[in-house]
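So in UniProt numbering, spot 53 of the sequence shown is number 53, and the numbers just go up one at a time.
Hints may be right or wrong, so weigh each one.
What the hints assert, rightly or not - Below, computed lysine to any residue pairings styled on SDA-like, alpha-carbon distance capped at 25 Å:
#, residue 1, residue 2
1, 37, 77
2, 44, 86
3, 102, 54
4, 44, 26
5, 102, 40
6, 8, 37
7, 18, 127
8, 5, 26
9, 18, 93
10, 18, 114
11, 18, 96
12, 126, 104
13, 102, 92
14, 18, 128
15, 56, 68
16, 18, 89
17, 37, 16
18, 44, 24
19, 5, 59
20, 8, 104
21, 102, 80
22, 44, 25
23, 44, 87
24, 44, 99
FYI, nobody ran anything at the bench for these hints, they're computed from the structure.
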Amino acid sequence: MSEIKWIKITTDIFDDEKICLIDALPDHDAILVIWFKILALAGKHNRNGLLMMSDKVHYTDEMLATIFRRPLNTVRMALGIFEQFGMVEIIDGIIALPNWEKHQNIDGMEKIKTQTRNRVARYREKQKILCLVTLHVTLQ
Numbered sequence: 001m002s003e004i005k006w007i008k009i010t011t012d013i014f015d016d017e018k019i020c021l022i023d024a025l026p027d028h029d030a031i032l033v034i035w036f037k038i039l040a041l042a043g044k045h046n047r048n049g050l051l052m053m054s055d056k057v058h059y060t061d062e063m064l065a066t067i068f069r070r071p072l073n074t075v076r077m078a079l080g081i082f083e084q085f086g087m088v089e090i091i092d093g094i095i096a097l098p099n100w101e102k103h104q105n106i107d108g109m110e111k112i113k114t115q116t117r118n119r120v121a122r123y124r125e126k127q128k129i130l131c132l133v134t135l136h137v138t139l140q
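All chains should be built: construct the whole structure from the sequences, respecting the hints.
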């Protein structure tokens, strides 16, 4: 499902109230690293902000601790803070990013898809013309 290898991070992210509040906490560095890893993971799988490995498998806190190479207690603490601040929602065990559009440039993704579709169409048209020219030259 993934085809875009980036997420949108604004330069004023460290002015965001929630990030400032996290920055005042003990272990703030670990918590912020986990936040960015969550964003990157959500972008990697591109499932509209759901932390899902596949259609049937969602990431658990234990899985995140392993993947992020962080202690389980730190990941659980971070998830609790993110949930308290409304940065994540945990619904039926599935971790979701409610403001995913803020971190994923949906319009930009559509623009890239359209550009790619047009570029492929132009390439195929050129190949067709080259094939016809080659066929015409060969027949003469």
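Comparing the hints with the structure gives:
Distance check on the hinted pair: residue 37 and residue 77 sit about 15 Å apart at the alpha-carbon level, within 25 Å; holds. About 22 Å separates the Cα atoms of residue 44 and residue 86, which keeps this hinted pair within 25 Å; it holds. Straight-line distance between C-alpha atoms of residue 102 and residue 54 comes to about 23 Å, which keeps the hinted pair within the 25 Å bound. Restraint check: the Cα-Cα separation between residue 44 and residue 26 comes to about 29 Å, which exceeds 25 Å; the hinted pair is violated.
This hinted pair checks out: residue 102 and residue 40 have alpha carbons roughly 13 Å apart, not beyond 25 Å. Taking the CA atoms of residue 8 and residue 37, the gap is near 13 Å; set against the 25 Å cutoff, the hint holds. Taken as a hint, the residue 18 and residue 127 pair is broken in the structure, with Cα atoms around 53 Å apart against an allowance of 25 Å. In summary, the hint linking residue 5 to residue 26 is not supported, as the alpha carbons are separated by about 32 Å, beyond the 25 Å threshold.
Restraint check for residue 18 and residue 93: the C-alpha separation of about 23 Å stays at or below 25 Å, so the hint holds. The hinted pair formed by residue 18 and residue 114 fails the criterion: a straight-line CA distance of about 35 Å is larger than 25 Å. A C-alpha spacing of about 17 Å is found between residue 18 and residue 96, which places the hinted pair at or below 25 Å, so the restraint holds. Between residue 126 and residue 104 the alpha-carbon distance is near 34 Å, which puts this suggested pair outside the 25 Å criterion.
Restraint check for residue 102 and residue 92: satisfied, since their Cα atoms lie roughly 23 Å apart, inside the 25 Å limit. For the hint pairing residue 18 with residue 128, the CA-to-CA distance comes to about 55 Å; that exceeds 25 Å, so the pair is violated. Proximity of residue 56 to residue 68 is assessed by CA-CA distance (about 21 Å); at most 25 Å being required, the pair is judged to hold. Straight-line distance between C-alpha atoms of residue 18 and residue 89 comes to about 15 Å, which keeps the hinted pair within the 25 Å bound.
With a C-alpha separation of about 18 Å, the suggested pairing of residue 37 with residue 16 holds against the 25 Å cut-off. Only pairs whose Cα atoms come within 25 Å are accepted, and residue 44 paired with residue 24 is rejected, the gap being roughly 29 Å. A C-alpha spacing of about 20 Å is found between residue 5 and residue 59, which places the hinted pair at or below 25 Å, so the restraint holds. For the proposed pair residue 8 and residue 104, the alpha carbon gap of about 5 Å is at most 25 Å, so the pair holds.
Distance hint between residue 102 and residue 80 is fulfilled; the C-alpha atoms sit about 21 Å from each other, no more than 25 Å. Simply put, residue 44 and residue 25 have alpha-carbon atoms about 28 Å apart, too far for the 25 Å limit, and the pair is violated. With a CA separation close to 18 Å, the supplied pair residue 44 and residue 87 stays within the 25 Å bound. The straight-line distance between the Cα atoms of residue 44 and residue 99 is roughly 16 Å, inside the 25 Å bound, and the hint therefore holds.
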